[in-house]
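S.K.: Here are the chains, one letter per residue:
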Amino acid sequence: MTLKKFAVTFALGSAVLLSAGATRSTAQSHVNSPDPLLGTPSVATETSNINGITGHAEEGKHLYRRFCIGCHGPDGNGQGMNAQWIDPQPRDFTEATFKCRSTPTGTLPTDDDLYNAITRGFVTTNMPSWRPLNPQQRADLVAFIKTWSPRWAKEKSGTPLNIPPETPITIESILHGRELFQKLECWKCHGPAGNADGPSAATLTDSKGNPIKPFNFTTGDRFMCGDTNRDLYRIFMTGLDGSPMPSFADVIQPNDAWDLVHFLRTLQVALPNQELTLWQSYKAAHGKDLKPIGPDSAGGAQ
Amino acid sequence: MRMKFLAALGLTVAMGSALMVFATPPAGSGSITGKVTYTGTPMKMKPIDMSKEPSCAKQHSTPITTENVTTGPGNTLKWVVVYISAGDEGNTTPSQGVRYDQKGCEYLPHILPMEVGQQLQIFNDDQTSHNIHPLAKVNQEWNKSQPPGSPPIDTKWDKPEFISVKCNIHPWMHGYFVVLKTSHYAVTGDDGAFDIKGLPPGKYTVTAWQEQYGTKTQEVTVGAGAATANFVFTATPY
Numbered sequence: 018m019t020l021k022k023f024a025v026t027f028a029l030g031s032a033v034l035l036s037a038g039a040t041r042s043t044a045q046s047h048v049n050s051p052d053p054l055l056g057t058p059s060v061a062t063e064t065s066n067i068n069g070i071t072g073h074a075e076e077g078k079h080l081y082r083r084f085c086i087g088c089h090g091p092d093g094n095g096q097g098m099n100a101q102w103i104d105p106q107p108r109d110f111t112e113a114t115f116k117c118r119s120t121p122t123g124t125l126p127t128d129d130d131l132y133n134a135i136t137r138g139f140v141t142t143n144m145p146s147w148r149p150l151n152p153q154q155r156a157d158l159v160a161f162i163k164t165w166s167p168r169w170a171k172e173k174s175g176t177p178l179n180i181p182p183e184t185p186i187t188i189e190s191i192l193h194g195r196e197l198f199q200k201l202e203c204w205k206c207h208g209p210a211g212n213a214d215g216p217s218a219a220t221l222t223d224s225k226g227n228p229i230k231p232f233n234f235t236t237g238d239r240f241m242c243g244d245t246n247r248d249l250y251r252i253f254m255t256g257l258d259g260s261p262m263p264s265f266a267d268v269i270q271p272n273d274a275w276d277l278v279h280f281l282r283t284l285q286v287a288l289p290n291q292e293l294t295l296w297q298s299y300k301a302a303h304g305k306d307l308k309p310i311g312p313d314s315a316g317g318a319q
Numbered sequence: 100m101r102m103k104f105l106a107a108l109g110l111t112v113a114m115g116s117a118l119m120v121f122a123t124p125p126a127g128s129g130s131i132t133g134k135v136t137y138t139g140t141p142m143k144m145k146p147i148d149m150s151k152e153p154s155c156a157k158q159h160s161t162p163i164t165t166e167n168v169t170t171g172p173g174n175t176l177k178w179v180v181v182y183i184s185a186g187d188e189g190n191t192t193p194s195q196g197v198r199y200d201q202k203g204c205e206y207l208p209h210i211l212p213m214e215v216g217q218q219l220q221i222f223n224d225d226q227t228s229h230n231i232h233p234l235a236k237v238n239q240e241w242n243k244s245q246p247p248g249s250p251p252i253d254t255k256w257d258k259p260e261f262i263s264v265k266c267n268i269h270p271w272m273h274g275y276f277v278v279l280k281t282s283h284y285a286v287t288g289d290d291g292a293f294d295i296k297g298l299p300p301g302k303y304t305v306t307a308w309q310e311q312y313g314t315k316t317q318e319v320t321v322g323a324g325a326a327t328a329n330f331v332f333t334a335t336p337y
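Residue numbers (our numbering), protein chains in the order written: chain A, 18 to 319; chain B, 100 to 337.
Incorrect hints may have been included.
[Stated by the list, open to error] Residues from chain A that face chain B, not an exhaustive set, calculated with beta carbons under 7 angstroms:
1. 122
2. 185
3. 201
4. 224
5. 261
It is worth saying that the hints were derived from the structure and are not from the lab. For glycine and all other residues, C-beta sits at the position ideal for the given N, C-alpha and C.
Chain B extracted, bound-state conformation (with noise of 0.2 angstroms):
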């Protein structure tokens, strides 16, 4: 490993790409696919009055409505991070950073998901001051104060939990972080479908996680293509 490090270090001109290859999960031609749907009747998203922020309702011609559960066509879930829980152990930390918007009193992306130890920019783009406040139980919770052109909130995690974020000046904005040991993730889109890619062969858990309805776990064999694996959510109106 520190003789890698030092030959690396060594390329100078090869330097960038040099780290991309440390950053880049183990080979694996693997992937699960699936999609996460639900049953039964979720609860309505309601839409979010932002008049008391007028610079925020400004940018949103109709709306936009709470997210804690997003559904598509055909019952499926959007916001739903799949990960592999188990049998993907020995993963190092990626030296490319994640993202974090404030943008339009809106957290984007609605999850985050990123790696423990991996760097985590939070940015605020509104003409407004954001409170985040982390409501972390594992890791230490904080809260800042980032006023409109402050630089960007530079942190990590250092232990794999479900955070839940918000900003306490703006009740509406809500978010997740969520911090895995591995990096093998994908998060559902408006279909409910994710592509967990990069897989080696072997055998995984792999947990589905929804911020309302918890975690839903399978056994899944990946060999050289794709393997499948679908998840269904028991939805509760309330």
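Bound-form chain A, shown alone (with noise of 0.2 angstroms):
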């Protein structure tokens, strides 16, 4: 214990020294040799494969050890010396779950789902985008970070769900999303207004126990899973794995699902969007009549 609590200051303290010195001088290295800085993973080797590019774990493993090792730790389990003080917690790569994910709640993402993830980072939360690493280190990354649980080499990533082109963005459609909102209890966790302050907002935990807040929509933070409106659609369809948020997929339709993207930007009262617009001159007409979401309307918004 004493060894690794050293060999982790040591990391830190020494970590651009030691890229400099020895670049790839160790490259050809074994992704389990004994390393004095980095716990052993779980499987040997794991490759990826992101638009052609080929990651190799045995390249990431150095990556790793310069820019990952802080948060998510010498074994990978997201126990790095910085994991005391963030909020949420670095992901634990050894369970491989993951939130952020194209492919159904219970199955492994893609090596695009991870590499998507760590090019764009958690805006929530402390993972920065790491764009600055170029798309072969991040491939090799994504190839390391399969290292840590022995799923990636039993199990196939799931199949990424198939997103239709986006229907037109109609008050129709805004209004029948809303109906969705109030129906399937969105406001229980994120609430009537998108405040994250409905009745269950306050018990939430993610699936090691630690509370975790739904996401507030009216804050002007951006999605962690991407911003665009294909991005809405994936996060509530494949829900965020590891946390309180459920797959949608087997109880939405499609077109349906659409209708609530289209709902959910008019919450986004802080980020000027067309959804919005479109909604607030519906709501200075016709405001007085809708029905308010939330335990009072018995199920029936419109």
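With the hints as a guide, dock the two chains, each given alone in a separate frame, to form the complex.
M.R.: Shown next, in the form of structure tokens:
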């Protein structure tokens, strides 16, 4: 233990020196070969394939040791030396459970999903965008991250969700989306106005038992898994595994899902958008006829 | 195996019963019976406040309580799964599935044992949405929304595990999927008693699992009749 603690301290103190001095001299080593700074991954090697780029775990290992170890830890379990000050906690790669996926709940994400996560970072967390690393380096990191769980060697990634073309943004679409928001009880956590103050909001915990807040639509924060309408569609259809956010893929039809997307945009009052403009002019004329969202409307908005 | 299967298919009239034969564990006249009790002071179960979900609250005339340590007269423990943990290899997956209900914002049954690969159907009988969130660690965790009137979720588990199940919308809802490698298991009832039937004579390792207190194991030799095995857990008040 003391040795490991020392090792971690050493890693952060001298990461820059190390990487400058020994950039590629050990690049040929096996990913499982003893490393004073890293624990032993659970599988010997992995590759990744992102848009024709093949990532190699052996290369990713060096990048991980330099850039990721501080939070995600020498054993890949999210318990790096910075972890105690970080909320939400860094991802535990040994569980192979990931929030931002294009694949169904309970399945492994694709290499692209992990690559996009590294590239994008997570805006509402301590995870920055790693765009400064070149695509090959990010692909190498994806390959190395996969060595922390034996699942990657045994299971295939899930089949990515098929997202049909977006339907037109109309007031009918927004109104139907609003009905779904009521009927599917999104407001129980996210709150009637998207303020993250629903009746269940205060009790939520992630799968490790740590308190977690629902997304607050009204603050101007972007979504952690991407900020386009397609990303929003994907987020609620696949769910965010490891968090309380479930998958709705089995209960929402594709066109209905676009309606929900259009309504959710109207909750983002701090981010000017097309849906919000349309909605605000509609509300100015018809606001008093709308049934409020929440328990009082007895399950039937509109 | 293959020949038997083809033969069963051929007998179209008797097909239903033929499949039942496949599902039946190897015949055995032996059984293990016993009681599960505790010493010490168990934690008190708390009444559940469902006022935030009126459609569920009105289904319970008196508030239900948490169930993680459910005791009965004579220091007995309910909801303990007793199963053969060794000596019972070579079971086939049963063709009959198991059913899990969300009713009155409660999981029925609180503890649901099943076999690896066995079909599991999850129903929402309530007028409110539930999200069913098995916090699997050995198997892969998933989390699905199930609004009122949705079809049942049809699933199975690939590896043995005690899987904690929760609903994030109704945080008091809590239960377990107990995924086992054996078809020989029983869950203790209100009187803490269990009866594992249909065991061929032999030596078995028997394990009792209680969600709060973990596992207890003992060796049991089964002859033609009923063998006895009692389990005692040490209860703690917190």
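S.K.: All hints are to be evaluated individually against the structure, with a verdict given for each.
M.R.: Here is what the structure says about each hint:
1. 122: Since chain B brings a Cβ to about 4 angstroms from residue 122 (chain A), closer than 7 angstroms, the hint holds.
2. 185: Violated, because the Cβ-Cβ distance from residue 185 (chain A) to chain B comes to roughly 26 angstroms (cut-off 7 angstroms).
3. 201: Since the shortest Cβ distance to chain B is 6 angstroms, the answer is holds.
4. 224: holds (5 angstroms)
5. 261: Holds: closest Cβ of chain B sits about 3 angstroms from residue 261 (chain A), inside 7 angstroms.
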